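Asker: With the hints as constraints, model all of the structure from the sequences given.
From first to last, the protein sequence lines are chains A and B.
The opening residue of the first sequence carries number 1 in full-length UniProt numbering; numbering runs sequentially from there.
The opening residue of the second sequence carries number 1 in full-length UniProt numbering; numbering runs sequentially from there.
These are computed hints drawn from the structure, not numbers from a lab.
What you are looking at is a predicted structure, and each value in this text was computed from that prediction instead of being measured.
Treat each hint with caution, since some may be false.
Ranges of calculated distance between the beta carbons of each label pair, as one might list FRET restraints [said to hold, decoys possible]:
(1) A:Ser132 / B:Ala119: 55 to 65 Å
(2) B:Gly140 / A:Ala139: 43 to 53 Å
(3) A:Ala58 / B:Gly140: 28 to 38 Å
(4) B:Gln190 / A:Thr169: 24 to 34 Å
(5) B:Arg61 / A:Arg87: 17 to 27 Å
(6) A:Ala58 / B:Ala119: 53 to 63 Å
(7) A:Phe4 / B:Ala115: 36 to 46 Å
(8) B:Arg136 / A:Asn110: 44 to 54 Å
(9) A:Arg166 / B:Ala115: 10 to 20 Å
(10) B:Ser62 / A:Pro88: 19 to 29 Å
(11) A:Ala58 / B:Gly96: 43 to 53 Å
(12) B:Arg59 / A:Thr167: 40 to 50 Å
(13) B:Ile117 / A:Ala139: 52 to 62 Å
(14) B:Ala70 / A:Pro88: 27 to 37 Å
Pairs of lysine to aspartate or glutamate residues, derived as DMTMM-like cross-links and limited to a Cα-Cα distance of at most 25 Å, are as follows [said to hold, decoys possible]:
(15) B:Lys188 / B:Asp30
(16) B:Lys159 / A:Asp189
(17) B:Lys159 / A:Asp179
(18) B:Lys132 / B:Glu122
(19) B:Lys116 / A:Asp189
We put the beta carbon where it would ideally sit given N, CA and C, even for glycine.
Residues per chain, in single letters:
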Amino acid sequence: MSGFEYIVQQIVNAVSLGSLYALVAVGLSIVFGVLRLTNFAHGDVMMVGAFTTVLLNALGLPFVPAMAAGVVGAALAGFLIERIAYRPVRDAPDVTRLLTSLAVTYILENLGILLFTSSPRNFPLPAILNESWQLSGGAITFTNINLLTIALTFVSLLLLGWFITRTTTGLGMRAAAEDMPAAQLVGLDVNRLIIVAFLVASAYAGIAGVLWAAQAGVVQPQMGFTPLLKAFVAAIIGGFGSIAGALLGGYVLGALEIFIVAFLPSSVSSYRDAIVFSILIAFLLVRPGGLLKPNREIKL
Amino acid sequence: MPEAAIPLLHIDSLEVRFGAVRALKGVSMDVRQGEVVALVGANGAGKSTTLRTISGLSRPRSGSITFAGASIGGRPPPQIVRLGIAHSPEGRRLFGALTVAENLRLGACTRTDRAKIAADTERLFALFPILKQRWRQLAGTLSGGEQQQLALARALMAKPRLLLLDEPSLGVAPLLVRQIFDALGELKRQGVTMLLVEQNIKLALELADRAYVLRTGSVALSGSSAELRDSDRVAQAYLGAAE
Ligand SMILES: Nc1ncnc2c1ncn2[C@@H]1O[C@H](COP(=O)(O)OP(=O)(O)OP(=O)(O)O)[C@@H](O)[C@H]1O
Ligand SMILES: [Mg+2]
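Answerer: Right, dumping it as C-alpha cells:
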C-alpha cells in the first residue's frame with residue numbers, strides 16, 4: 001500500500017469519527033447556549049436513540065424507520081429531561097444545575113441497566129451497511145456505515161446551518177445564547193427557545209447514538225459516556241458554547257485521534273487518549289477560549 | 001373620565017426590591033399618548049429599574065402598572081412586547097454575533113403583519129441611513145454610535161405604541177449624540193410615544209414634554225420640561241441624592 005493511499009484511508013476514518021464527535025458536540029453547545037448548562041445527560045440521550053432503534057427493529061420495524069424512530073425517541077427524551085429535571089432548577093445556582101445534570105445521567109443509565117442489563121446487545125445493522133468499498137485494488141477501504149455516517153452528518157449539519165442562520169427561531173436561539181434578557185426584550189419566548197434547543201440537540205444526539213452503535217456493533221446502557229466525554233473535549237477545543245466551534249472541534253479531535261494511531265509507532269499510540277489530552281491542555285494554555293471563542297465566559 | 005384623558009401608561013405606587021435593596025419606593029407616573037416623558041436622576045436613582053419593571057424584566061413588589069387599560073405588572077416580557085411596549089435597554093444589548101439585518105429581524109419577531117416589515121425597514125433607513133450601509137455587518141463590529149442607532153431601530157421594528165429608551169447617548173461620540181437626538185425628535189413629530197431615561201438633562205428636557213426626577217427610588221420632582229428647565233430645582237433634586 002502506497003503512502004498516498006494510506007493517507008487517504010486515514011482521512012476517511014478521521015472524517016467519519018470526527019462526524020460523530022461533531023454531531024454530539026453541536027448538541028452540547030446548543031443546550032449550553034440557552035441554559036448555560038453542561039448537559040451530561042446528552043450521552044444518555046444517544047443511548048435512548050440507539051436502544052429505541054434496536055427494540056423497534058426487534059419488534060419487526062425495518063431498520064430505516066426504526067432508526068428514524070430512534071431519532072424521534074431521543075428528541076422526546078431530551079424534551080422530557082428539560083421538562084422534568086432542568087426546568088424546576090432553571091434559576092438555581094450553577095452547582096445545583098450541574099448536579100441535576102449528573103443525577104439525570106445516573107438515573108437514565110441505571111434505568112437502562114434495570115431494563116436491559118449492562119451486558120452489550122447486538123446492534124442489528126443490515127448487511128448492506130457492513131459491505132465495504134475497495135479503491136486502488138483494496139488499498140483504500142470504506143464501509144457503507146462510514147459513508148452513511150459522513151453523509152448523514154453532512155446533511156444534518158447543513159440543515160442545522162440553515163436553521164440557525166435563516167429561521168427566526170434559530171436566530172432567536174443564538175440571540176438568547178448571547179444575551180438572554182435582551183432576547184426577552186425583543187419578545188422572544190425563552191421557554192419555547194429552550195424546548196426547541198433540547199429537541200434539536202437531542203435529535204442530533206439520537207442520530208449520533210444510532211451511528212455510534214452501528215459502528216461499534218453493540219448497544220449498552222453506558223454507551224453514551226465515552227462519546228459524551230469526547231464531545232465535551234471537542235466543544236472545548238472549538239470554543240465552548242459556539243456551534244461552529246463544536247463542529248470544528250469535533251473534526252479536529254477525530255483527526256487527532258486517528259492520526260496519532262496511524263502515524264505514530266504503536267508503542268506510543270497506545271497512549272492515544274493521554275496524548276490527545278496533553279495536546280488539549282497545552283492548547284488551552286495558549287488559547288483558553290478555544291478555536292472560536294464565543295463572546296462570553298466559560299462556565300460549567 | 002373621557003377616553004383621551006386616560007394615560008397610555010399609568011404607574012401607581014410602584015415598589016421594587018432586590019433582596020434588601022429598595023430600588024423603587026412607591027413611584028407613580030403617567031405617560032400620555034403622543035407624549036415624550038423624560039425620566040432623570042442621579043446614578044442608582046432607579047431609572048433603569050423603572051423601565052425594566054415596565055417591560056417585565058423585574059417584578060413589582062407592590063403597586064400597579066397599567067398600559068392601554070390592561071394591568072401589566074409582573075407579566076413576562078414577550079407578552080408586554082406584544083401589547084405594544086418596546087424597550088431599548090441601557091448599554092444597547094445588541095446581538096453582537098448577528099448581523100444588523102438579523103438584529104432588526106428579531107426586533108420584529110412578535111409582529112403578525114409580516115408583509116409590512118420590509119416597508120418599515122425602509123422607513124428606518126431614512127432615519128438611520130448608516131444601517132443600510134452596515135446591513136450585512138455583525139452588530140458587534142459597529143461603532144458605539146452605530147450600535148445605538150441599531151438598538152433604537154431594533155426596538156422600533158416591533159412597531160411599539162410606547163418606546164422605552166434607556167440612555168441612548170451612553171457611549172456615543174458627542175457629534176453622534178446630536179444626530180441620535182435629531183432622530184428621536186423626528187420620531188416625536190411622527191407621534192411616537194416615549195419614556196426616555198437620559199443622563200444628559202439638557203438634551204432630555206429639550207426633547208421631552210414633561211419630566212420626572214427620581215431620587216433614590218422616589219419621584220422627587222415632576223413638571224413640564226419648560227418649568228424644569230427654568231428652575232434650579234432639578235439641580236437641587238440631584239444634589240439631594242448626594243446628601
Ligand atoms: N439586579 C439587581 N440586584 C441588586 N440591586 C440592583 C439590581 N438592579 C439594580 N439594583 C439597585 O437598584 C438601585 C437602582 O438601580 P438602577 O439601575 O435602576 O439605577 P439607575 O437610575 O438606572 O442608575 P444609572 O444612572 O447608574 O443607570 C441601585 O441601588 C442598584 O444598585
Ligand atoms: Mg440605569
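Asker: All hints, please: hold or fail.
Answerer: Now the hints, each set against the structure:
1. A:Ser132 / B:Ala119: 55 to 65 Å: 58 Å, holds
2. B:Gly140 / A:Ala139: 43 to 53 Å: At roughly 48 Å between Cβ atoms, alanine 139 (chain A) and glycine 140 (chain B) fall inside 43 to 53 Å, so the hint holds.
3. A:Ala58 / B:Gly140: 28 to 38 Å: 51 Å, violated
4. B:Gln190 / A:Thr169: 24 to 34 Å: 32 Å, holds
5. B:Arg61 / A:Arg87: 17 to 27 Å: Holds: the Cβ-Cβ distance is about 25 Å, inside 17 to 27 Å.
6. A:Ala58 / B:Ala119: 53 to 63 Å: 58 Å, holds
7. A:Phe4 / B:Ala115: 36 to 46 Å: 57 Å, violated
8. B:Arg136 / A:Asn110: 44 to 54 Å: Check passed, 51 Å falls within 44 to 54 Å.
9. A:Arg166 / B:Ala115: 10 to 20 Å: 19 Å, holds
10. B:Ser62 / A:Pro88: 19 to 29 Å: 27 Å, holds
11. A:Ala58 / B:Gly96: 43 to 53 Å: With Cβ atoms ~50 Å apart, the hint holds.
12. B:Arg59 / A:Thr167: 40 to 50 Å: 31 Å, violated
13. B:Ile117 / A:Ala139: 52 to 62 Å: The hint (52 to 62 Å, Cβ to Cβ) holds, given that isoleucine 117 (chain B) and alanine 139 (chain A) are roughly 57 Å apart.
14. B:Ala70 / A:Pro88: 27 to 37 Å: 30 Å, holds
15. B:Lys188 / B:Asp30: 17 Å, holds
16. B:Lys159 / A:Asp189: 18 Å, holds
17. B:Lys159 / A:Asp179: Holds - the C-alpha atoms of aspartate 179 (chain A) and lysine 159 (chain B) are around 22 Å apart, at most 25 Å.
18. B:Lys132 / B:Glu122: 9 Å, holds
19. B:Lys116 / A:Asp189: 22 Å, holds
When held up to the earlier numbered hints, the structure conflicts with 3, 7, 12 and fits the remainder.
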